[in-house]
Structures are given as structure tokens and as C-alpha cells.
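*Asks:* If you want the building blocks of each chain, they are given just below.
2 protein chains.
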Amino acid sequence: MDKTIGSAVIGYGGMGSWHVRKQLELKDHFTFQGSFDIDPARQMAAETAGQRAYPSLGALLADPAVEFVVVATPNDTHLSLVLAALEAGKHVMCEKPVALSPAEFEEMVSAAERCHRVFTVHQNRRGDDDYLTIRRIIESNTLGPVFQIESRVQGSRGIPGDWRNQKVHGGGMVLDWGVHLFDQMLQMTQPRRLTRVYTQLTAVTGTDCDDGFRTMLTFDDGLTAYVEVTTSNFISLPRWYVLGEDGSAVIHDWSCKGEIVKVSDWEKRDAVPIRAGVGITKTMAPRTDETIKRYDIEKVPGDWNMNYLGVYEAIRNGKPTVVTYDEQRRLLALLQAVFQSGETGEVVHFDDKWMP
Amino acid sequence: MDKTIGSAVIGYGGMGSWHVRKQLELKDHFTFQGSFDIDPARQMAAETAGQRAYPSLGALLADPAVEFVVVATPNDTHLSLVLAALEAGKHVMCEKPVALSPAEFEEMVSAAERCHRVFTVHQNRRGDDDYLTIRRIIESNTLGPVFQIESRVQGSRGIPGDWRNQKVHGGGMVLDWGVHLFDQMLQMTQPRRLTRVYTQLTAVTGTDCDDGFRTMLTFDDGLTAYVEVTTSNFISLPRWYVLGEDGSAVIHDWSCKGEIVKVSDWEKRDAVPIRAGVGITKTMAPRTDETIKRYDIEKVPGDWNMNYLGVYEAIRNGKPTVVTYDEQRRLLALLQAVFQSGETGEVVHFDDKWMP
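Chains A and B supply the protein sequences, listed in that same order. Per my numbering: the first sequence = residues 1 to 356. Per my numbering: the second sequence = residues 1001 to 1356.
Extracted from the complex, chain A is given alone in its bound form:
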């Protein structure tokens, strides 16, 4: 083991304090030095928790014991803070969304290259157990060729009342949970080329930014996908719903409860018509147990440390980071397409130049 990396966190809100706990936990890899927040109450909270609160951003960035900085502040402040940290000679991991536009991100990348520093983004939900579980189901070919992937996160509390409901600070659900779900979708659909994006933005709770979205994606091989984040749903549809030619899979919730149903006899078509409403249907008659088999979901454990151990390896051993520049370029381009489609009501033809 090489020596630990001296680390610090800018911003001590919900995620900032999470990062502090994570760095303290990974003490074989990181030596947490302290945090800074512009809010005195949050400075006090850090000190009450027994940690150092730097008196200023400058003091944090001037501390030679700090080699690595995590930026966990409102989205509209990422650019200036990432640049400042890189210019101060720190390696940087920024919370998602890393930038509010592709141009902002390119500024960050240029600075990282100029300063020869490691720069990456905290896409922690690539390690979620539900995501790793559905990926393994798809990649193991359990369902046969997959033709539809649906990914939903539905809450019932509107969006948080802080900066996250203000457009000027990069608020809204596209830039909150959306960033995670789109990143997961782009990862799990590789190496396909994304061709079309259609989005309905929602505005149920009347904030000045979106409080949710519904997006249909089309890929070049015919795969289609659906991504939804909504926040006024008192009943939830499943977290994951995936259709393959040989079967379907559902994961209902964070606990990964769900099932796989596979066809064992596609050709057995002697369906008994069923009553459906005031009509009859053979087409929509459910299958009998004779022609299908049901399987439990085998949960893949979540990976809570993927990003941190990756950035450690990048800083100490020159390995590539878990989250690459091109992945972020593609993701930011998709977020732009989502907003453009939602705001114009038109389909956006996606120029997938960052395709893996």
C-alpha cells in the first residue's frame, strides 16, 4: 500500500458530510484533513462532529497536507471551485452534475490537463445494488436479446426546498437523480449509439425548474429505453423493468425485490380466451405455468467505494479513473438533449460523438 492521500471536502451539506464520513472510513487510503462551507451553521456542524473546519476556502486550498479535494456544493458553483482546486495543485473529484454545460466541463478538463492533476466525477450510483443486479441479469443473457429497459425513480415529496428547486443554482430533477439514471443507462447500453431523445418535463409543484421528467431513448440497433424521475407519485411503479425476447425482469425497489419470468415454450399458443373488461381476449391472456418459469432475483451487493478506490489508484498509481472524460461529455450532451426536447416538445436527434 502506498501512503494515504490527504483529503478535504468543499461544502458540508447533505453530500459534503457524506463525503467526510466516507474519507474517514477509508482511512487506509485517505487522511481526511478538514472541510469548508460558506454557511457558518455548517462550519459549526463540522466542528461539532469533531472535524476541522477550515476558516476559508483559501486556507483549505493552501494546506499542503491536502492533495485531493472533493467538491460537494450547489451545481452552479462547481466550475469556479473545481478550477480553483486544480490551480491550487489539488487532485479533484466533483459531485454530479459536474457542470451545467459541456463548455463548463471542457474548461475543467483543460485546467486538469494544464495542471497535470487527476480530475473525475462522483457518479456513485454506478455502484448501486439494484443497478448492478439488473446489469448482471441483462449481461448474463438470462432474458435473451433485450429490447426495452425502463428505469424509474418516483418520490412523493416534491423536490427539496433548498437550492435544488432553483434553476439559477442548477436545480431540478434532471440535474439531480436524472444525472444518475442517465449515466447508468449510458453505461449499461454500451456499445450502442444513442440516436433519439424525447422528453416530457414535469412541473407539478410549481418551482421554477423541472420537478421531474419522462424520457424515451432510441438506440441504433433498435433498443429502446425509458428513464423517469418524478416527485409527486404516492404509488410507485417498479425501479427497473426490462424486456428480452426470452423473458422479462422486474426489480421493485431499493431492496431489490423482484422476479424474472422466462418463457419456456414460445410456440405454445393455445391460449384460452379470458374476459377483459366487456370483451374477450386471447392475445392478452396471461400465460399458464406450463409455458413460463419464475426465478427470484439474485441481488448483487452494492459497491460503496468504487469511485474513491478508483481515484486513489489514479492518483497513486496512474490508473484511469472510474468515470472518464468522454463518459461525462456524452452524459452532459444527453442532459442538454433532455432539456432541449422537454423545452421544445420536439425529438432531439442525438449526435453520439462520444460513443464508447
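Fair warning: there could be bad hints in the mix.
To be verified - The calculated DSSO-like cross-link candidates involving lysine-lysine, where the alpha carbons are at most 30 Å apart (straight line), are:
#1 A:Lys-299 x B:Lys-1282
#2 B:Lys-1257 x A:Lys-257
#3 B:Lys-1167 x A:Lys-282
#4 B:Lys-1257 x A:Lys-293
#5 B:Lys-1282 x A:Lys-167
#6 A:Lys-282 x B:Lys-1293
#7 B:Lys-1299 x B:Lys-1027
#8 A:Lys-257 x B:Lys-1293
#9 B:Lys-1027 x A:Lys-167
#10 B:Lys-1282 x A:Lys-22
#11 A:Lys-262 x B:Lys-1257
#12 A:Lys-282 x B:Lys-1353
#13 A:Lys-257 x B:Lys-1022
#14 B:Lys-1022 x A:Lys-282
What the hints assert, rightly or not - Computed footprint of chain B on chain A, listed as stretches where at least three residues anywhere in the stretch have a Cβ under 8 Å from a Cβ of chain B:
#15 28 to 42
#16 51 to 62
#17 97 to 104
#18 240 to 247
#19 340 to 348
Honestly, the hints are just simulated from the structure, not real lab data. Positions of the beta carbon are idealized from the N, C-alpha and C atoms, including for glycine.
Once you've looked at the hints, dock chain B against the given chain A.
*Replies:* Then chain B, alone, in the frame of chain A:
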């Protein structure tokens, strides 16, 4: 009670034989005379069931005891058969989709007006219990202002192997279950103006027509809706899923099992963060029973005779039919938009000139 109406059925397949049974059942209103099918096996089936099979279409249409004819044949034959029946002086009810294009339908309407005959379409699923139940939930304002309506019918048997998987005969799921679901959606969203249509057509089972579709609709007041018919789903999402500002409703299946969940305290936001994957979330934390109330679904009984009793009243007492010309014009225009969007991959801006 006026005297019964002498009736006959053209086509003795799945729906044709259903119509014969319905006319026999409604014997206080109809006196069933016989059927005709071009398939000798189906002629035999009618006779085996103890009914008259006319030796030819001409014989059926020439029978003065027949005042009213139901057309229940493949979709591409509706035009010529409806015209022939009207010209022969019969009142006509045609199976859905009544026509393969708006122009075909206008020919039928012109013939009906020229011949002074009643002409209507068998949109029987306006009487489905699940549909009537969700409509009552919405119209009773139980959920508050509704902003999203999702209507899905998902099967796992592909599409039937007869004419219904052949484009030339008007096959495919848009023109099968789609006609019902879009008709229901246009009915239940009145009096809003439909503005945008986006569709992904599916082609999982490799027939020459669609084997399903997913459509997003947008209305002028911001209501959005989703309509899906798919046929390769071994696990089904709910039949109805509706979101209102005060609550959500789900109807899972034809039995109308489901629930309504209403918020009792919107402002109570002291959510306890929950673990979600490898992160935490307050936004997506489920509500506690303190701030929501759950209600069972009260099923509205299906109306199996709506179309038949309506056409009886129209023929005998000059009342308007249940299904009007303008409703069919609007529905056929929507079906065209669905195909156009699905085939081009673009949003269709809907010219809602038949708005109620």
C-alpha cells in the same frame, strides 16, 4: 318497447360469433336473422351452433327481414362491406377500427347520409369496468387535478397468427387494442385539446406490422398521458396508473384490483433519509402512514350493452348513437399521427380539429 330490429352479422370469426351471441341475448331489442362468412368452415360453425348461415353476402343483404347489419371482418374489408350494407338499405355498426384512413371513413359517412341510415362503430371498451372505474376516480376529483394518465395493456403471446399480423389486412396492435385504448383516452381527457403525439412502434416478433407501441400524448392544459400496447411482456405493469396533485391511483388488472393513495399532509416534509443503493435520499423517501391515506378501489360494473342499446335507440327512436362521427374522425386522425410518429421517429403536432 318498439318492435325488435331484425339483425345480421357479416363475418363469423372471433368477434363475429360474439356479436351473434350478443344479438341473440338482446332478444327484446334484436331478432337475429343469420350470418355470412366467406370461409366455409366458419359457415359450418354457424350452422353447427344452430344459426342460419346465409349462402352469400348478397343473400344476407337482400333479406328484407334484416334491418341492421354488424360488420365484423378483417379491417381492410370494412369499407366495401359497410358501403354495400348501407346501399342495401341496412343500418350498420362496424367493428373497430372502422376504417384504415380518414378518407375511407368519410366515404362511409357520405353513404350513410345519402342512404339515411344509422351508421356507427362498435367501441365496446367504453363499457369496460376498469375504464369506467378509473374514469369515476378521476371525475370525482378524488385525486385532485390529474396531471398524468397511463394506460397499458401488456400481453406475452405476440400477436395472433391470422390476418391480424398482416399489414395489408390492417393488422398490428395499433389497429387492434390501440384503437380501444386511444378511444378511451380521448373520451376521458375531454374537453382538452390534444397537441403532441410521440410513438415508438415495436417489432419484437418480426411480423410485417407493429406488434405494439408506446405513445406519449400532451394536451393543451399540460396534462400528459401514456398509452402502451405490447405483446412480449412476461411481467405486466398496471393496467391504469393515474397521478393527481392530491394522490395517485393504480388499477392492476382486469379484476380492477388496485388502490388509491392520497396525501393528507403535503407540507409535512420531515422525511427521514433512506438508503437507496449506495447513497441516501430524502427526496425519494417513502411517506409514512402519518401523511397518506390508502383507499380500496370501488369497482364500477362494466356496461356490456352500451353500443347495442344505443344503436337500437338510434334506429327506433332517432337518438344519437353512442359513438359519433366526430369522435371517430378524431380517433382516426390520432391513429394516423401514431403511425406517422412511429415511422418517422418525430413528434407529430396534432391538429385537433374534431375536439369535442
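*Asks:* With a cut-off of 30 Å on the C-alpha distance, tell me whether Lys-1257 of chain B and Lys-257 of chain A pass.
*Replies:* holds, 21 Å
*Asks:* Are the Cα atoms of Lys-1022 of chain B and Lys-282 of chain A separated by 30 Å or less?
*Replies:* holds, 19 Å
*Asks:* Are the Cα atoms of Lys-1027 of chain B and Lys-167 of chain A separated by 30 Å or less?
*Replies:* violated, 65 Å
*Asks:* Does Lys-1027 of chain B sit within 30 Å of Lys-1299 of chain B, going by the straight-line distance between their CA atoms?
*Replies:* holds, 28 Å
*Asks:* Are there three or more residues in the stretch 340 to 348 of chain A whose C-beta lies within less than 8 Å of some C-beta in chain B?
*Replies:* Holds, because 3 residues of the stretch 340 to 348 of chain A bring their Cβ atoms closer than 8 Å to Cβ atoms of chain B.
*Asks:* Are the Cα positions of Lys-299 of chain A and Lys-1282 of chain B separated by 30 Å at most?
*Replies:* Distance of about 24 Å is within 30 Å: holds.
*Asks:* Taking beta carbons only, do three or more residues of the stretch 28 to 42 of chain A come closer than 8 Å to chain B?
*Replies:* Answer violated; 0 residues pass the 8 Å Cβ test.
*Asks:* Has the given pair, Lys-1257 of chain B with Lys-293 of chain A, been kept, meaning a C-alpha gap of at most 30 Å?
*Replies:* holds, 24 Å
*Asks:* When I compare C-beta atoms, does the stretch 240 to 247 of chain A have three or more residues closer than 8 Å to chain B?
*Replies:* holds (count 4)
*Asks:* Verify the coverage statement for the stretch 97 to 104 of chain A against chain B, using a C-beta to C-beta distance below 8 Å and requiring 3 or more qualifying residues.
*Replies:* Violated, because only 0 residues of the stretch 97 to 104 of chain A bring their Cβ atoms closer than 8 Å to Cβ atoms of chain B.
*Asks:* Could you grab the alpha-carbon distance between Lys-1282 of chain B and Lys-22 of chain A and see if it respects the 30 Å cut-off?
*Replies:* With Cα atoms ~19 Å apart, Lys-1282 of chain B and Lys-22 of chain A stay inside 30 Å; holds.
*Asks:* Decide if the proposed pair is consistent with the structure: Lys-282 of chain A and Lys-1353 of chain B, CA atoms, cutoff 30 Å inclusive.
*Replies:* Distance of about 36 Å is beyond 30 Å: violated.
Of the hints listed earlier, those the structure fails to meet are numbers 6, 9, 12, 13, 15, 16 and 17, in rising order.
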